[in-house]
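**Student:** Sequence:
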Amino acid sequence: MNKNEKFVITINREVGSGGRTVGRLLAEKLGVKYCDKAVIDGLTQKFGLSPERIEEIKAQKKSWWNDINNYYQTLVNSASCPMEAEVMLDNASMFETEKSILQEIATQASCVIAGRTGFMIFREWPNHLSVFIQASLEHRIQRIMRRRNVCEQEARDVIAKMDATRETYIKKYEETSRYDTRNYQLVISMDELSEDDAAEIIIDYINRTSK
1 MNKNEKFVIT INREVGSGGR TVGRLLAEKL GVKYCDKAVI DGLTQKFGLS
51 PERIEEIKAQ KKSWWNDINN YYQTLVNSAS CPMEAEVMLD NASMFETEKS
101 ILQEIATQAS CVIAGRTGFM IFREWPNHLS VFIQASLEHR IQRIMRRRNV
151 CEQEARDVIA KMDATRETYI KKYEETSRYD TRNYQLVISM DELSEDDAAE
201 IIIDYINRTS K
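Under the numbering used here, the residue at position 161 of the sequence shown is numbered 161, and the numbers go up by one with no gaps.
Do not take every clue at face value.
No more than 25 Å apart at the CA atoms, straight line, and that leaves these computed lysine-lysine pairs for DSS-like [stated by the list, open to error]:
id : residue 1 : residue 2
1  : Lys3      : Lys29
2  : Lys29     : Lys6
3  : Lys33     : Lys3
4  : Lys161    : Lys99
5  : Lys33     : Lys172
6  : Lys171    : Lys99
7  : Lys172    : Lys161
8  : Lys172    : Lys99
9  : Lys6      : Lys33
10 : Lys99     : Lys33
11 : Lys161    : Lys3
12 : Lys161    : Lys171
Hints are computed from structural coordinates only; laboratory data are not their basis.
Taking the hints into account, I'd like the entire structure generated from these sequences.
**Tutor:** Next up, the structure:
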């Protein structure tokens, strides 16, 4: 990846691994946009977007992206932005809408995108770095218990449900597994790392491999 040109970094992560926080920190350190599922859902609901509607708006109003981008910034900075997006929309129309929005964001400026579909959407994209954030089951359980104030069994249930849902979503649209490390250039285990450590590791990787 060439850090001196427009780039996109996608972060796929296991629930409870801290990958979403890593993505936010990374974007802050690099001074670029950050986007995740919660932001995409907010944009979709706010503007009633579909792939067809996006094309209509683009044709009607050249400054359409400014309106969406302003709302996007509000969502990113909102304290009410959910810690994890638990509603998994799995119909083809939503997938294409998500794809259209993410690609438009990446076309406009360098960005960090955290979410289960990013590594698929951008795998042929020029100047793309794909990262997977993972952690042991125990690490994930403890983190979810702390952050959601739930018991161990509830944390286990959240992990089991989210892991299954995300894997099913990926396999529905691509003949691959989100756990196949060949889909990523960098895989990070969080068991002995802080979120800031992980963000710095990614930056170090970029600096070492930048053309």
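**Student:** Does each hint fit the structure? Answer for all of them.
**Tutor:** Cross-check of the supplied hints:
1. Between Lys3 and Lys29, the direct Cα distance comes to roughly 13 Å. Compliance with the 25 Å bound is thereby established for this hinted pair.
2. For a cut-off of 25 Å, the pair hint linking Lys29 to Lys6 stands: about 16 Å separates their Cα positions.
3. Under the criterion of a C-alpha separation no larger than 25 Å, the hint pairing Lys33 with Lys3 is consistent with the structure, at around 14 Å.
4. Under the criterion of a C-alpha separation no larger than 25 Å, the hint pairing Lys161 with Lys99 is consistent with the structure, at around 24 Å.
5. Restraint check for Lys33 and Lys172: the C-alpha separation of about 28 Å exceeds 25 Å, so the hint is violated.
6. With a CA separation close to 16 Å, the supplied pair Lys171 and Lys99 stays within the 25 Å bound.
7. About 16 Å separates the Cα atoms of Lys172 and Lys161, which keeps this hinted pair within 25 Å; it holds.
8. Proximity of Lys172 to Lys99 is assessed by CA-CA distance (about 15 Å); at most 25 Å being required, the pair is judged to hold.
9. Between the alpha carbons of Lys6 and Lys33 the distance comes to roughly 12 Å, so the proposed pair stays at or under 25 Å and holds.
10. At most 25 Å may separate the alpha-carbon atoms for a hinted pair to count; Lys99 and Lys33 meet this at roughly 17 Å.
11. For the proposed pair Lys161 and Lys3, the alpha carbon gap of about 36 Å is over 25 Å, so the pair is violated.
12. In summary, the hint linking Lys161 to Lys171 is supported, as the alpha carbons are separated by about 16 Å, within the 25 Å threshold.
When the structure is compared with the earlier hints, violations turn up for hints 5 and 11 and for no others.
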